[in-house]
Amino acid sequence: MTLNPAIMALVMVSIVVCAMLLLASGFAVRVLRYWDIGSGSERQLGLERQTYLISTLLIWAFSFELMSLLLFIYNAESMSGQFVGAMCATGVLNVNAWGWPTLFVKVAVFFVAAVWLTLNYLDNQGYDYPLIRHKYFLLLAIAPLVVAEFVLQLLYFGDMDVAVITSCCGTLFSSQAEGMAAEVSALPPKPMMALFSLVGVMVSTCGIRVVLRRRGTRLFAWLASATFVIGLMSVVSFIALYIYEHPHHHCPFCILKSGHGYVGYALYVPLFIATASALSLGTVSSLGKSSSLTLAVDRLLLRLGWLAVAGFTLFYLAAAWAVGTSNLTMGDVWW
Amino acid sequence: MLAFLRKQKYLIDYTLASLLRRKGKNVGLLTVYTLIVFMLASVMLFAHGLRHEAGLVLQSTPEIIVQRMQAGRHAMIPAEYLQRIGRMRGVTKKEGRLWGYYYDSAVKANYTVMTGGQTDAVLSEIAIGSGIARVRGLAIGDYLTLRSQSGDAFSFKITAVLDTESELVSADLLLMAPGAFRHVFGTEEGLYTDLVLSVRNPREVSKVAEKLAKLLPDTRLITREEILRTYDAVFSWRQGVVFILLVGAVLAFVIFAWDKASGLSAEERREIGVLKAIGWETADIMRMKFWEGAIISLTAFLIGYVAAYVHVFFASASLFEPVLKGWSVLYPRFRLTPSVDGLQAATLFFFSVLPYIVATIVPIWRTSITDPDAVMR
Numbered sequence: 001m002t003l004n005p006a007i008m009a010l011v012m013v014s015i016v017v018c019a020m021l022l023l024a025s026g027f028a029v030r031v032l033r034y035w036d037i038g039s040g041s042e043r044q045l046g047l048e049r050q051t052y053l054i055s056t057l058l059i060w061a062f063s064f065e066l067m068s069l070l071l072f073i074y075n076a077e078s079m080s081g082q083f084v085g086a087m088c089a090t091g092v093l094n095v096n097a098w099g100w101p102t103l104f105v106k107v108a109v110f111f112v113a114a115v116w117l118t119l120n121y122l123d124n125q126g127y128d129y130p131l132i133r134h135k136y137f138l139l140l141a142i143a144p145l146v147v148a149e150f151v152l153q154l155l156y157f158g159d160m161d162v163a164v165i166t167s168c169c170g171t172l173f174s175s176q177a178e179g180m181a182a183e184v185s186a187l188p189p190k191p192m193m194a195l196f197s198l199v200g201v202m203v204s205t206c207g208i209r210v211v212l213r214r215r216g217t218r219l220f221a222w223l224a225s226a227t228f229v230i231g232l233m234s235v236v237s238f239i240a241l242y243i244y245e246h247p248h249h250h251c252p253f254c255i256l257k258s259g260h261g262y263v264g265y266a267l268y269v270p271l272f273i274a275t276a277s278a279l280s281l282g283t284v285s286s287l288g289k290s291s292s293l294t295l296a297v298d299r300l301l302l303r304l305g306w307l308a309v310a311g312f313t314l315f316y317l318a319a320a321w322a323v324g325t326s327n328l329t330m331g332d333v334w335w
Numbered sequence: 336m337l338a339f340l341r342k343q344k345y346l347i348d349y350t351l352a353s354l355l356r357r358k359g360k361n362v363g364l365l366t367v368y369t370l371i372v373f374m375l376a377s378v379m380l381f382a383h384g385l386r387h388e389a390g391l392v393l394q395s396t397p398e399i400i401v402q403r404m405q406a407g408r409h410a411m412i413p414a415e416y417l418q419r420i421g422r423m424r425g426v427t428k429k430e431g432r433l434w435g436y437y438y439d440s441a442v443k444a445n446y447t448v449m450t451g452g453q454t455d456a457v458l459s460e461i462a463i464g465s466g467i468a469r470v471r472g473l474a475i476g477d478y479l480t481l482r483s484q485s486g487d488a489f490s491f492k493i494t495a496v497l498d499t500e501s502e503l504v505s506a507d508l509l510l511m512a513p514g515a516f517r518h519v520f521g522t523e524e525g526l527y528t529d530l531v532l533s534v535r536n537p538r539e540v541s542k543v544a545e546k547l548a549k550l551l552p553d554t555r556l557i558t559r560e561e562i563l564r565t566y567d568a569v570f571s572w573r574q575g576v577v578f579i580l581l582v583g584a585v586l587a588f589v590i591f592a593w594d595k596a597s598g599l600s601a602e603e604r605r606e607i608g609v610l611k612a613i614g615w616e617t618a619d620i621m622r623m624k625f626w627e628g629a630i631i632s633l634t635a636f637l638i639g640y641v642a643a644y645v646h647v648f649f650a651s652a653s654l655f656e657p658v659l660k661g662w663s664v665l666y667p668r669f670r671l672t673p674s675v676d677g678l679q680a681a682t683l684f685f686f687s688v689l690p691y692i693v694a695t696i697v698p699i700w701r702t703s704i705t706d707p708d709a710v711m712r
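Going line by line, the protein sequences match chains L and A. Just so it is clear: in the first sequence, position 3 is 3 by the numbering used here, and no numbers are missing. Just add 335 to wherever you are in the second sequence, counting from 1, and you've got the numbering used here.
If we strip away everything but chain A, and leave its shape as in the complex, we get (with noise of 0.2 Å):
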């Protein structure tokens, strides 16, 4: 065993001499191979921290939606629905929602309106989220004026810029009491944007489900299951659509590593030639060619993930970040919580190792069967 290892040592150690000797041809191999691993690395860390923070923000939601329709239009909702509901086992909490979204022709931009739940809250006070501070240049204490449905102006005190940590979600939020909420809207006392069931047992949720489905034909359910499905879907669909695209890149790829390894120069070729001559064994030319290229493929491999993944977590993906989650006027901030799974790294190899591997297995052998006197002569 020791004697395998010295062995493998030793010829480690010629591959990185012979590396380095031709610098000019493997630092060009290397830099193209760590371009191929950055590409898909950020792709796939991307589209994995989205999922991973679509998973982490729904957590807390309800588990399941109920809203009204109308013409198969979502409409409000009464308040008697509740009551129709009444107690069904398994439900621990049910609550009215009220929340919309407010057109600010100011900025051009949407932002969403929520009440804080509390119904004692003060009507001129409002919390805004750190991108409507951003965009509308306001701070704690500043006054936002809002155009009411009547055509009314409302001016609000703004208590509070909701933080930056939760971004994601809150960076065109705008939080108001119920009262103010109505007033601005013009929706009437007893109407609910819709309504939220909170159900402990994940497994009674579907059950739930139906027996609403029943007792109000005329809504439709969204369970939070289904939306984290839908997420999932989406995120694995887009990052997919992205890796089509790149597999023209990593073809071209292929072509240059095959290329790279089938067109050697006269000095590697007599080379061979010497070391076949004096006593290396075709095995010994193959097993030293495959170290080489487990060099050059982890060295890759390491920087390009390692660079994949500051671009990802550190500048927020700037270069894929359109394709892969949208963007609009009051797009939110955010840098995404660091989270690498091996699944991933798995695929990322399959995308970029092997077809280096497969692209280089024939050129090695017919280099590793050269005779040496054809070479040397």
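With the rest of the complex left out, here is chain L (with noise of 0.2 Å):
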């Protein structure tokens, strides 16, 4: 199984993205230990010199581990056709234990590596490093969310056994089926309605409140977390019945094929980045200010809550245009 040029691929890409983290996370310890920028030692200079290396080796780790994500995904998706009863992604995840968990993990390390990337572009904006302990301390908590990826990667990959019979989506998201994808599917589609507009409401609302009053910054990230989470499980339960017109398929992965419009990208795309600013957006204005950063954080702020509104905003129009257009009614089944 690992001979698929696919499968090579992201397990060199975990290899190279763990080791840079490695690296970097030597560094990190150095860097908590010995960092006094009042100091003019050979050792502060080295450390200097050594943040440029180490910030320009982990903005490209982070941005392969975006790109490994896609193709892990697309990857999944295409080789469906090579497992008995895998029609998509789904079945091909659910060819061993491992494969959920790594998804996972996938999009955890995406939010992490999102949040540090906009600590380390603000730590760049002031001239005395204001922000180098908090970045460093983050990326030590990164690192063994990398390496549970590559492990769990490497189990995924190394298990795949071609004769076991997968379940797909039609069995897996059914309401019947047990486990977590059974329960997200089984939801009620009314209350699940009702809450994913609720979330929807509050979020822009405190969302703008955030733009316009620099107020409720880290309302706003948990809200943002809380939309990511409800907004999953709302095209689990009902938003993919409405794309399918199908009122029991509640596949999260059909919806990005071509049979559908290529619909579900409008979802995550938008549904991601606003997710991944809010979180952003809630770390740099819990941090203390440090004086040389005072009027970046603000541009900054501005406009991670102009993306993350935006991104909110495009999701929910995605979703409303999906189930406004459908063919399908649930009226007298639903309510």
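These are computed hints drawn from the structure, not numbers from a lab. A virtual CB, placed ideally from N, CA and C, is assigned to each residue, including glycine. Since no wrong hints were added, every one of them can be taken at face value.
Some residues of chain L that are not near chain A, with every Cβ distance over 12 Å (derived):
| # | residue |
| --- | --- |
| 1 | SER25 |
| 2 | VAL29 |
| 3 | ARG30 |
| 4 | TRP100 |
| 5 | HIS134 |
| 6 | GLU183 |
| 7 | ALA194 |
| 8 | SER204 |
| 9 | THR205 |
| 10 | VAL229 |
| 11 | GLY324 |
| 12 | SER326 |
Distance windows between CB atoms, simulated:
| # | chain 1 | residue 1 | chain 2 | residue 2 | range |
| --- | --- | --- | --- | --- | --- |
| 13 | A | SER653 | L | VAL29 | 50 to 58 Å |
| 14 | L | LEU70 | A | GLY451 | 47 to 55 Å |
| 15 | L | VAL151 | A | GLY614 | 44 to 52 Å |
| 16 | A | GLU561 | L | MET67 | 30 to 38 Å |
| 17 | A | GLN343 | L | LEU70 | 23 to 31 Å |
| 18 | A | LEU337 | L | LEU22 | 37 to 45 Å |
| 19 | A | LEU581 | L | SER292 | 45 to 53 Å |
| 20 | A | GLY451 | L | VAL151 | 56 to 64 Å |
| 21 | A | PRO707 | L | VAL29 | 29 to 37 Å |
Once you've looked at the hints, go ahead and assemble the two chains, each given alone in its own frame, into the complex.
Spelled out as structure tokens, the structure:
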């Protein structure tokens, strides 16, 4: 199984990113122990010089990470022809116990990487490395996550058995089955729709308040996380049904296919961007303001705020469009 | 935003000029880089094209093939098996097929012989694939003589040469009437090579196969999905093998790129010193070097990919053909349908651009932290 080129590429990327992160972690430990901006010692000068190398390394590492998330999903999609019972990515992820955890960890790495890149960007704006400790502290938290991703992914690809009959979206996302996917699919659509709309209103109001008044940034980050989770659950619970125009098909991956007008991208891309911006915004605003950054922080918060609001708006518009233009009517069934 | 874009534009401007100033070195790097992309992309496009083609060919084949097994070997299947199957829910069509191989000692090649299906076809007429026509120098109206099981020679009038469009499957094909087939191969009336069943709903295929397995225990069932799955796995496996072989080349390229990026000439060193002395910061130098890498990578990727595209889809991938598709006397000459997909391009990116970037990060950093006074002194 591991001789598939896309799998080889994914494993290679994982190894490279792991190596980069471990290298950077070693540096992070040294920064946390010895960093002293007031000192003119040789060690301090060396550290200052190396920050350039490390932050370039990490920018690349996290860009590769983002691309590997996409490649991972595409690959799962394209391998669906090789497994009995698999018709889309769901079936391939379900081939063994490691598929879904790998995807979840990859998504988690995507979000922390986005926050880290924002911190890094901001840190580079100030002349006195104001956020350097926060930045490298966060990095030490990301490193285990990346290593975990590498191990999980290796287990996942190594354990793939073509003889296993996997269950695909038809059975996994059905209310009769057991497990998390089934529970999400079995969520009652009516309260789910209400909840979905409610968080939508809350997150946009809060976002606009953040943009206009610069208040409630932390609340916004929490709300955005909630919107992300509820948004994904809503896709499985009822939005997908409207896109497929089928009352029992809940798959969150098939909407990425050409047969459904790639509408999945219109949902996921804004949702991921918006959530990443909101999380970065929350993190940046909760750090103590340094004098060299006041202006830069204000400008960045405004930008991130707008980006998040725009992202969530697009996500909700796409969802509303998918539901509104669908030929499926569940009016008599659901209420 | 505008200021940012303008700054990048000036940086690119400068980088391009500086790349052109050292033509020799950069053209060398670009050539090696392009070759790497070209080789990897050729393998990829070719394997993908074959997989695509296999999928297209198999699209119109029947869902289930029933073969009778005797002592672990494929045996002729009696026509009464069709009655034994009877009416089965979900099966829209079932029929017996006659096919086999004919070894032609004149050209040392195997022909695939099939029956056209219609029972009223003229016994002495035959249609041949374009591969056979090419090898034997035959045209419509000529006669082709085949030796039958009993040693008698039968002459067939060629009424059609199958078009080159379907050459991938029809190059070595002979189509004759069922009666003629039975004469040539000595197959008794009432026996078929195998049976095929069409099932309209793909979800019912496995259920139908299960019922058949119970009903006809001495048969082997092959579903179309299984064949497709096998092709899919085999082609990506072969592609993977070629990739493993090319890893050595990629590693050599990494070392080459590392060496090129770290071995700066005295002139380049002085240039960076001057830039720093006139106010460029370390980050600016790194940005400039980033653009340098981006320009080289993009150019190499585009040229390599386009060259591979031409190589695979217009020159029939002459370099890798034997490894990826196999060979024989009557090999079909075919042109793959051009097909490109995002997954392949992304994988290719990870195999070529990523190693280059990783190899050059450290040398670039070393270059950009150079102290101006140290180099200009």
